[in-house]
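Peer 1: Sequence:
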Amino acid sequence: MTTDRGQETEHPGARRYACPDGAIRIAVESAEQWHSLAVCLGRPELAYEGSWQVARKAPADGPLAAVVASMFAEDTAQRWQARLEAHGVPCTVVA
1 MTTDRGQETE HPGARRYACP DGAIRIAVES AEQWHSLAVC LGRPELAYEG
51 SWQVARKAPA DGPLAAVVAS MFAEDTAQRW QARLEAHGVP CTVVA
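Heads up: the sequence shown begins at 1 in our numbering, then just goes up one per residue.
Hint data in this document are derived by calculation from the structure and do not stem from the laboratory.
None of the values given here were measured: they were computed from a predicted structure.
Heads up, a few of these hints could be off.
[Unchecked claim] Label-pair distances were calculated between CB atoms; the ranges are:
1. G50 x A95: 29 to 39 Å
2. A73 x V39: 15 to 25 Å
3. E49 x A95: 30 to 40 Å
4. T9 x V67: 31 to 41 Å
5. G50 x P20: 30 to 40 Å
6. G62 x A31: 12 to 22 Å
Heads up, the beta-carbon is just placed ideally off N, CA and C, and yes, glycines get one too.
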């Protein structure tokens, strides 16, 4: 996604994900937030040393994003928002 503020690229930690009842957008901006996301998703193995550098350069529609997407498909956007916020992961429910 490119915006008028410059080149902002979506990646697995910063994009919209479909949920059964709508969608949620996450906006991970640090290694700490990436680790929190992995723990929240029940996939702590995604938070290995250096994983944030990999995630922020990965394609928004690549294999890593597919893993994350599969997790968000398991529950409602509202429930994910509550969990993500409790873990300190920036997010918002979107239409």
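Peer 1: The structure should be examined with respect to each hint, and the outcome stated for every one.
Peer 2: Each hint tested on the structure:
In this structure the hint that G50 and A95 lie 29 to 39 Å apart at CB holds, the actual value being about 35 Å. For A73 paired with V39, a C-beta distance near 19 Å keeps the hint of 15 to 25 Å intact. A beta carbon spacing of about 37 Å between E49 and A95 agrees with the range 30 to 40 Å that was offered as a hint. The hint said 31 to 41 Å for the Cβ distance between T9 and V67, and at roughly 19 Å that hint is violated.
For the hinted restraint 30 to 40 Å between G50 and P20, the CB-CB distance of approximately 33 Å keeps it satisfied. A beta carbon spacing of about 19 Å between G62 and A31 agrees with the range 12 to 22 Å that was offered as a hint.
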